[in-house]
Structure formats: C-alpha cells, structure tokens
Amino acid sequence: MTAIEHSSSKTWHTFLTTGWHDLRDGARRHQAWIFLAGHEVRRQYQRSILGPFWITLNLAIMIAAIGWFYSEIFGQEIDTYLPFLTVGFIVFGFMSNIVNEAANLFASEAVAIRQSLLPLSFYVYKLIFRQIIIFAHNFTIYIVVWLLFPIPASFNILLAIPGFCLMVISSFSAALIIGPIAARFRDIPPIIASLMQVFFFVTPIFWTIGNVPKRAVFVNINPFFHYLEIVRQPLLGHAPSNLNWIIASVLTAILSVTAFFFFSRYRSKITYWV
Amino acid sequence: MIGISVENIVVDIPIYGAGSRSLKNNILSAATGGALKTRDGDKLSIRAIDGLSLTLNRGDRLGLVGHNGAGKSTLLRVLAGIYEPNEGRIRTSGRIAPIFDLGFGMDPYSNGWDNMLLRGISLGLSLGQTREKMEEIAAVSELGEFLDMPLRTYSAGMAARLAFAISTSITADILLVDEALGAGDAAFLEKAKQRTDKMIKDSGILVLASHADMMIQQWCTHALWLEHGKPRMMGDVDDVLAAYRNAVASA
Numbered sequence: 001m002t003a004i005e006h007s008s009s010k011t012w013h014t015f016l017t018t019g020w021h022d023l024r025d026g027a028r029r030h031q032a033w034i035f036l037a038g039h040e041v042r043r044q045y046q047r048s049i050l051g052p053f054w055i056t057l058n059l060a061i062m063i064a065a066i067g068w069f070y071s072e073i074f075g076q077e078i079d080t081y082l083p084f085l086t087v088g089f090i091v092f093g094f095m096s097n098i099v100n101e102a103a104n105l106f107a108s109e110a111v112a113i114r115q116s117l118l119p120l121s122f123y124v125y126k127l128i129f130r131q132i133i134i135f136a137h138n139f140t141i142y143i144v145v146w147l148l149f150p151i152p153a154s155f156n157i158l159l160a161i162p163g164f165c166l167m168v169i170s171s172f173s174a175a176l177i178i179g180p181i182a183a184r185f186r187d188i189p190p191i192i193a194s195l196m197q198v199f200f201f202v203t204p205i206f207w208t209i210g211n212v213p214k215r216a217v218f219v220n221i222n223p224f225f226h227y228l229e230i231v232r233q234p235l236l237g238h239a240p241s242n243l244n245w246i247i248a249s250v251l252t253a254i255l256s257v258t259a260f261f262f263f264s265r266y267r268s269k270i271t272y273w274v
Numbered sequence: 001m002i003g004i005s006v007e008n009i010v011v012d013i014p015i016y017g018a019g020s021r022s023l024k025n026n027i028l029s030a031a032t033g034g035a036l037k038t039r040d041g042d043k044l045s046i047r048a049i050d051g052l053s054l055t056l057n058r059g060d061r062l063g064l065v066g067h068n069g070a071g072k073s074t075l076l077r078v079l080a081g082i083y084e085p086n087e088g089r090i091r092t093s094g095r096i097a098p099i100f101d102l103g104f105g106m107d108p109y110s111n112g113w114d115n116m117l118l119r120g121i122s123l124g125l126s127l128g129q130t131r132e133k134m135e136e137i138a139a140v141s142e143l144g145e146f147l148d149m150p151l152r153t154y155s156a157g158m159a160a161r162l163a164f165a166i167s168t169s170i171t172a173d174i175l176l177v178d179e180a181l182g183a184g185d186a187a188f189l190e191k192a193k194q195r196t197d198k199m200i201k202d203s204g205i206l207v208l209a210s211h212a213d214m215m216i217q218q219w220c221t222h223a224l225w226l227e228h229g230k231p232r233m234m235g236d237v238d239d240v241l242a243a244y245r246n247a248v249a250s251a
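Residue numbers (this note's numbering), protein chains in the order written: chain A, 1 to 274; chain B, 1 to 251.
It cannot be assumed that every hint is accurate.
Rough simulated footprint, nothing fancy, chain B against chain A, three-plus residues with beta-carbon under 8 angstroms [as the list claims (entries may be wrong)]: (1) 27–41; (2) 115–129.
Beyond 10 angstroms from chain A on every Cβ pair, some chain B residues (computed) [what the hints assert, rightly or not]: (3) 55; (4) 69; (5) 91; (6) 128; (7) 190; (8) 217; (9) 230; (10) 234.
Here are some of the chain B residues that sit facing chain A, going by a computed Cβ distance under 10 angstroms [what the hints assert, rightly or not]: (11) 10; (12) 59; (13) 109; (14) 114; (15) 121.
It should be emphasised that the hints constitute simulated quantities derived from the structure, not laboratory data. Note that the coordinates shown come from a computational prediction; the quantities given were computed from them, not determined experimentally. Beta carbons are placed, not taken as given, at the ideal position from N, Cα and C, and that holds for glycine.
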C-alpha cells in the first residue's frame, strides 16, 4: 500500500523526507533506467551500419588527427602525447556531456514529467547511465591505445576505479542541482554550454600543466582538472597527486550534500517549471 | 484502506512563456518599472484549482465535467501526485495509475514488444511486471506478427490498439483517466469495451475526466462539475450532467 500526503505547510523535515524517497524510488527502478538508457543510445544510431560504434569512431578519428598534429605543435613525443590526449578526451567528455545534458534534462522530459508517476530522480539516473554507456564505448579507444603505445604497466591503474566513482557521484550531484535551476531559468543552458567550452580549453586535455608554468595556478583552481587527474593518471600508469585526491574528495562531499538539500527543496517545483 | 482525501486545495500554475522566465526580462523589468506585474509582484500565474475539497472511498467512480480549462486535467494531476498543491492538503492511499495520453512513451522506431516495455515504464510498471503481461497484451492487441515490426509501419488504428492494450493491462487501486480510451476500428470496439469495463471494475476508485457524456454515464456513479477551478456542482451523474448541459445551452 502506498500512501502519499502533500500539505502546503512544509518543514525541512518534510522536504528532506520526500527528497530522500524520490532518490530511493528512482534507484529502485534501476532496471527501467538501464533499459531506457540503452534504448536511447541505440535509437540515436538506428539504421546506421555501425550503430553506437559511431560514438567510438567519431572520437577515435578526432584523437588520431589532433594527436598527430598537436604532438608536433607542443613538441611532445607522440608515444606519450597520444595516450594522454585519449584519456583526457574520454574523461573530460564524460563530465562535460553530463553537465550540458543536465541543463536540458527536465525541459526535454517535460511531457513525461507531466504524464507519469516516475520519481524525478529517475531522469537523472537515466542521464548518468546513458553517459556511462557512451563512456564505455569510448573506453575501447583507450584499450587500443594501451595495446599500441608504451603505457607503463602498474597497479596504479586500479586507482582509476575510486577516481571514476568520485566523478560519477559528483556528476550525479551536479545534475541534481543544475537540472532544476535550468528548468526554471532558460538562460542557464546556453550559459553552461559556453562555460563548458571555456573549461575544455583551460583544462589540460591537449596541453599539459608544464606548458603553462606562469598560469599553473589557474589550472589548480579548476575543479575539472582534479577530477580529470584522479582518473587520467591511473589510466596512464601513474598515481594522482595527494592534492588531486583531497580536492576531488572534498568537492564530492560538498556537492552531494548541497545537491541533496537543493533537490529536496525544489523537487516539487520542477513540475511547475517545465 | 484505499482512499483519497483532498482539503481546500489551491493550484496556481505559473506562466513563464510571457518572458518572466528569462534572466534578461527579470533584469529589464527592474529597469522599466515592470508594466506586466501581477499578483506575486513579478509572477504571472493561472489559478487552475481554487479551493476544492473532495473525499473518495473504495467503490467511488467520479466523473469530472466542465469546459476546457476548467481544471479537470489539473485535478487529475494533483490526485496523481504530479502537481503538489500550493495550498491545502491531499492524502491518497493505494496504488495510483494515471492514464492520460494512451500512446505516451512509445517510440515509432521500436517494434511492438519494445514499445510494450517503453509504455509500461512510463505507466510506472517495472520491466519484470511488463514482461509478465506481454503475452496478454499481444493477445488483446490482435497484432500477431506485426509486433516484430517497428511501430512506424503500423496504421493509426493498429498503433491505437497496441496503446490501448498496454494501458488497460495495468491494475491499480486508484485509476485516473483523462479523456477517451480510444481503441481503433469498430471490430475492436466491443472487445475494448469489455476490457475497459474489467479494468474499471477491478480498480478501487475511478476518476474520469471526459467531454463524452456517454462515458461518464456508463462508468461513473457521481459527477463533479468544475468551473474556473471551482466546484460548481457535485452529485448524481444524471443531475450534474443535466445541469451542466443546461448551462452550456443557455450560455
């Protein structure tokens, strides 16, 4: 038996309880969002011969072209530059796709939100899982690069697992915050799109921190850099710095607590905003 | 205990299309003195439901009548828990199934079986629950081998049959239905009627919004006439429908 009660007089206690129930019910429907996420990825490449493998191929072509040119521009050995570039693109792409899609999430699901009883967090879980599927497709490029290029074999690679987990938790939390704000204020999606474009260029993805000795401080205050490092360094056989771990962990904690309070507070307004 | 209890609810739907949703307008209106200011200072909104109270218990079948925009669909969405009211209280107990748009959630590029899963998810069923019903849905839809084909190859009538078969496969304590349960061609109608009857009889509470008097008379025990979000009259189906028709005719 399910009982629902809504009253216009609300306390933080009721906000947090309903917010928690929303997140929990969303998680319980994991089979449904896993199915839908896969379905959405397949649908995008329907009737194409390569299907979702196009995701992989698009990125592979870009990495090959940029790797070959830019290794000369930056005077780097292609043996170290190309693996660095590959991991950077894949990992940063995961984060920036989620941030950009979170900004359009509730608006694009408006019809569904007004029709069905699915908890609102369901759409966030689905978005994150779809991006994990895309990440997995892109990850095959890393495997090929790992086989072709001399990446040092080391147990450090296992550190990528906790690193990726922190990144997923933070992305999920960020989506819970960005989604409602962007549903209310429709100028937010383009603002976010242009910010993410700036971050793509100011985050060391196709250049390294060594290229910008005088501006290294701007790299270190960039949160995306630290999340990138805790996944990229292990995949390249190195250990991330303590600073990377500390900043990424603290940010994850702050983001998830903020997201829980924020989402709980504004959850019931989202239906009115979309 | 299945039941719905609504006390004095008010629902204001904010209107953002007029521009107040963009930051620029929020800033500009400060500079121009804000000619479009309304109730909440800078928010334009429509009062969709204005002070409504309602109690429904097991066995109640309520029909909602009223003009377009009278608040019928909004009330159904409040009962479903989709809109939380701005004022008042609402309490529901029991599994709720909202059937608003029969075809919603379906994808033209997927085959019939996948569409059962897609539509099932948007009706709030789990994948497992939908899979258990797939054989039954297939039988009801009478689509046979077409279920292996993408939905976009179906005629409108065939697509309607599939949507109908899926939507009427759910069982719920509280059934919220908006507008007609259309079901394709004439040959299918008799079967559709029996199936709808069964679904409605199996439910504990029905709330049906419709412009078709026939549907309300057929399935409802009493009716609520809404006007501008306010309850105008509630009571026996025939009395309410007669009063409503009179008002429409004399207007």
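Assertion that residue 128/B lies outside the chain A interface [Cβ separation over 10 angstroms]: violated (7 angstroms)
Supplied contact hint for residue 109/B, tested at 10 angstroms Cβ to chain A: holds (5 angstroms)
Outside-interface status for residue 69/B - nearest CB in chain A farther than 10 angstroms: The assertion about residue 69/B holds, with a minimum of 16 angstroms to chain A.
Within 8 angstroms of chain B (C-beta), three or more residues of the stretch 115–129 of chain A: holds (count 4)
Status of the stated non-contact between residue 55/B and chain A (beta carbon gap over 10 angstroms): Residue 55/B is indeed farther than 10 angstroms from all Cβ atoms of chain A, at 14 angstroms.
Nearest-CB test (10 angstroms) between chain A and residue 230/B: Label holds. Min Cβ-Cβ 18 angstroms, cutoff 10 angstroms.
Coverage claim, chain B over the stretch 27–41 of chain A, checked by counting residues with Cβ within 8 angstroms (three needed): This one holds; 6 residues, not fewer than the three required, reach chain B with a Cβ under 8 angstroms.
Interface hint compliance - residue 121/B to chain A, C-beta minimum distance less than 10 angstroms: Result: holds, 5 angstroms to nearest chain A Cβ.
Least C-beta distance between residue 234/B and chain A, which was stated to exceed 10 angstroms: Holds, since 22 angstroms exceeds 10 angstroms.
Interface-negative label, residue 91/B against chain A, beta-carbon threshold 10 angstroms: violated (5 angstroms)
Satisfaction of the residue 59/B interface hint, Cβ to chain A closer than 10 angstroms: violated (17 angstroms)
Assertion that residue 190/B lies outside the chain A interface [Cβ separation over 10 angstroms]: holds (28 angstroms)
Violation of the numbered hints given earlier is confined to hints 5, 6 and 12; the remaining hints are satisfied by the structure.
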